[in-house]
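Residues per chain, in single letters:
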Amino acid sequence: MGKRISIECAHAASLAVKLANVDVIAAYPITPQTHIVERLAEYVANGELDAEYINVESEHSAMSACIGASAAGARVYTSTAGQGLALMHEMLFIAAGNRLPIVMGVANRSLSPNLNIWGDQSDMMASRDCGWIQIYAENAQEVFDHTLQAFKIAEDERVLLPVAVCFDGFHVTHVIEPLITLDQEEVDRFLPKHRKAVYKLTPDQPSTWGPVAGPDIQTELKVQNEWALNSSKDVILEVWREFGDLFGRYYAPLETYKVEDADAVILILGGFAGTGRVAIDKMREEGKKIGLVKLRLYRPFPIQEVKDLLTRVKAVAVVDRAISAGGLGGPVYGDIRNILYDEEHRPKVLSFIAGLGGRDITVKDFKRIGEKVLDVAAKGHSEHKVDFIQVRI
Amino acid sequence: MTTDKPTVKNLPIAGIIFVPGSAKEYNTGAFRSQKPILDAKLCTKCGMCWVYCPDGAVFVNSEGMYEINLKYCKGCGICSEECARKAIKMVDEEE
Chain A
1 MGKRISIECA HAASLAVKLA NVDVIAAYPI TPQTHIVERL AEYVANGELD
51 AEYINVESEH SAMSACIGAS AAGARVYTST AGQGLALMHE MLFIAAGNRL
101 PIVMGVANRS LSPNLNIWGD QSDMMASRDC GWIQIYAENA QEVFDHTLQA
151 FKIAEDERVL LPVAVCFDGF HVTHVIEPLI TLDQEEVDRF LPKHRKAVYK
201 LTPDQPSTWG PVAGPDIQTE LKVQNEWALN SSKDVILEVW REFGDLFGRY
251 YAPLETYKVE DADAVILILG GFAGTGRVAI DKMREEGKKI GLVKLRLYRP
301 FPIQEVKDLL TRVKAVAVVD RAISAGGLGG PVYGDIRNIL YDEEHRPKVL
351 SFIAGLGGRD ITVKDFKRIG EKVLDVAAKG HSEHKVDFIQ VRI
Chain B
1001 MTTDKPTVKN LPIAGIIFVP GSAKEYNTGA FRSQKPILDA KLCTKCGMCW
1051 VYCPDGAVFV NSEGMYEINL KYCKGCGICS EECARKAIKM VDEEE
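Residue numbers (the working numbering), protein chains in the order written: chain A, 1 to 393; chain B, 1001 to 1095.
The reader is advised that the hints may include incorrect statements.
As the list claims (entries may be wrong) - The calculated DMTMM-like cross-link candidates involving lysine to aspartate or glutamate, where the alpha carbons are at most 25 Å apart (straight line), are:
(1) K1009/B with E226/A
(2) K1009/B with E238/A
(3) K258/A with E343/A
(4) K1009/B with E220/A
(5) K200/A with E1025/B
Unchecked claim - Partial list, derived from the structure: chain B residues whose beta carbon lies under 10 Å from chain A:
(6) K1005
(7) T1007
(8) V1008
(9) K1009
(10) L1011
(11) P1012
(12) I1013
(13) A1014
(14) G1015
(15) I1016
(16) I1017
(17) V1019
(18) P1020
(19) S1022
(20) A1023
Stated by the list, open to error - Residues of chain A placed beyond 10 Å of chain B at every Cβ, according to the derived structure:
(21) S6
(22) N55
(23) E177
(24) Q184
(25) K233
(26) F247
(27) G274
(28) K289
(29) R359
(30) V391
Bear in mind the hints are in silico, worked out from the structure with no lab data behind them.
Cβ atoms here follow ideal geometry from the backbone N, Cα and C, with glycine treated the same way.
Let the sequences and hints guide you as you build the complete structure.
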């Protein structure tokens, strides 16, 4: 049986990757991802993990090496953050379009300028349309579990898509937390020891990947990818269920907290959901009917689950740690409003942007957000503009 | 809609081509607006057209003469430009 240990969340990712018995790691160190790949390099150097560790000169090369290795049939991991993810941007699409089951840890970091190594989600949000499965983890346990599950999801013959496991830089990556580990035997019961590649680049059966596709065929290829990503949701749910049955920790695309009788909810991705829950408890003590929704599965978007939940409340506050530039608020806010538009009983949806470049989102901030969204819920109408929390004007 | 063209469902995954050497099926000659005409009387068989053709569309026929495979020739005109004897003329394709 796995033990209960304390571990830095970044190292929880490394441990999961080791237990997943990866064949190839190609990565370039960048804060706040560094500890993940540092620990992996140690595992390989110590002989604890029999994998090829490819040192590369950039993140573009890291993803390129992952693409090659994955196409050759290897189980592959990489990790990056911020500018590193931005530099990979082009190759992210190549990985998804070629249906390569790469797993990547993203230690979410702000994008330059100005030079800021701290956390927010603008890196992954700028790449959200890359065709990858995107899962947001909140703590060491989720980082560990989702990283392990990601290999099983990605490599499933019905999926064959890359998976990004995202977790906030510093606020999650650098925090030491309790973790219930799994031992190798347990992991092996869940995840096959080796990847069984259905399609691979091999001299035995020469093939051409990513050839020219003109106007007569590109639409069909893009739709094929879109269908694959959308239908991966069933497999994701299946894998999460199987994981839960084996180890007792169940996951769902949305995690809710005190929403049952709520007039309004706050919706957020990632680590600050924890602070959000504390604020919800305090507001509940004051008799306020408010709850919290944590969006775990971001792509494919859990459309039906979000609709079912949010059409029951009067107002939703979406807290984004990124800006969708040009006046539209946060990216997640845009998604939420988009899917609710045609609903008969649709709630008011308010955009809050907070926690940029590593700034804390405090309990007080959540309470202020809560009061605003409850006020809109009570009045039934909203004159809300995009609200930048804690900004000094 | 019935069509002979590939569909989302019947395309191989990611558009991967599993048959090697399939590029020879591409009729790249369809790109052409001008075609090269070689005057055998002027040709000294120096082979410069063969060297320079970016598509490998120049070949030596059974009689030892240089000839251009119009299935693949895109009509770029490099052979005509490089021919020291000016034996290759580019002429417009007919409408």
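Given hint E238/A paired with K1009/B - CA-CA distance at most 25 Å | 24 Å, holds
Between K1009/B and E226/A, is the straight-line Cα distance small enough, at 25 Å or below?
-> 12 Å, holds
Is K200/A close enough to E1025/B, meaning Cα to Cα at most 25 Å?
-> 23 Å, holds
Should the label of K289/A as a non-interface residue stand, given a Cβ cut-off of 10 Å to chain B?
-> Its Cβ never comes within 10 Å of chain B, the nearest being 46 Å, so this holds.
For the hint on T1007/B, does the least C-beta distance to chain A fall short of 10 Å?
-> Check passed: Cβ of T1007/B comes within 6 Å of chain A, closer than 10 Å.
Measuring Cβ to Cβ, find out whether V391/A lies farther than 10 Å from everything in chain B.
-> Holds, because the least Cβ-Cβ distance between V391/A and chain B comes to about 44 Å, which exceeds 10 Å.
Looking at S6/A again, its CB stays over 10 Å from all of chain B?
-> 43 Å, holds
Looking at K233/A again, its CB stays over 10 Å from all of chain B?
-> 18 Å, holds
Taking the minimum C-beta separation from E177/A to chain B, is that value above 10 Å?
-> Label holds. Min Cβ-Cβ 38 Å, cutoff 10 Å.
Exclusion check [F247/A not at the chain B interface, CB over 10 Å] | 32 Å, holds
Would you check whether the claim that G274/A is not at the interface survives, using Cβ distances to chain B and the 10 Å cut-off?
-> The assertion about G274/A holds, with a minimum of 39 Å to chain B.
Non-interface claim for R359/A versus chain B (Cβ beyond 10 Å) | Non-interface label stands for R359/A: nearest chain B Cβ at 41 Å, farther than 10 Å.
Every hint, counting from the list given before, is met by this structure.
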